[in-house]
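**Q** Below are the chains, spelled out letter by letter.
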Amino acid sequence: DAGITQSPRYKITETGRQVTLMCHQTWSHSYMFWYRQDLGHGLRLIYYSAAADITDKGEVPDGYVVSRSKTENFPLTLESATRSQTSVYFCASTAGENGYTFGSGTRLTVV
Amino acid sequence: GENVEQHPSTLSVQEGDSAVIKCTYSDSASNYFPWYKQELGKGPQLIIDIRSNVGEKKDQRIAVTLNKTAKHFSLHITETQPEDSAVYFCAASRRGNNRLAFGKGNQVVVIP
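Residue numbers (our numbering), protein chains in the order written: chain W, 1 to 111; chain Y, 1 to 112.
Any given hint could turn out to be false.
[To be verified] Looking from chain W toward chain Y, a few residues come up when the C-beta cut is under 8 angstroms (computed):
hint, residue
1, ASP53
2, PHE90
3, PHE102
No lab work stands behind these hints, which were simulated from the structure alone.
Remember, it's a predicted structure, so these values are computed and weren't measured experimentally.
Built from N, CA and C at the ideal position, the CB exists for glycine as well.
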């Protein structure tokens, strides 16, 4: 199916564990983004990518790592999860100077 | 960088009435202004957008207006229905920059 999919939908992990959130899009969009959404903060950009093998930091990159070896995939890794990283994470993509298409989100709880 | 602010943070309207959400932006070079609707448990969805060469755009019950001089743009929802209840985000970006600057969102509640 065409679209942008995130997995898992829900994840509970323990403090200190590594966890990877997956994002896959089928349009071959050049640009992909990771946001976190917390009450009172709206959408905050973690990392973005302009193309395969090109990534850059957003507003809140600390504690996160991204990679983009293929155009369609943009995984987000929390190297050592902390409780402050409990959030809803959204992936988005766009072909260029147009609106983004967002995934359905991953709700991550760090205990 | 671009700073986008939304007002009011929460808006309650009676079903059938109109709702207006206003956003202000700081970068006069911004030229693209989308609006997103986020329903509970879902990702934001693009509902309408406008570029700086246009002053107004309509799509059925929703419209967006842009005032470049005052650097603000507004979302208008007419004949509101319960399914319009959601969080609405505005955003802005400048030509050549694919990073959108988002506002913090408005909660719209339509009272049946």
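**Q** Check the structure against each numbered hint from earlier and tell me which ones fail, lowest number first.
**A** 1
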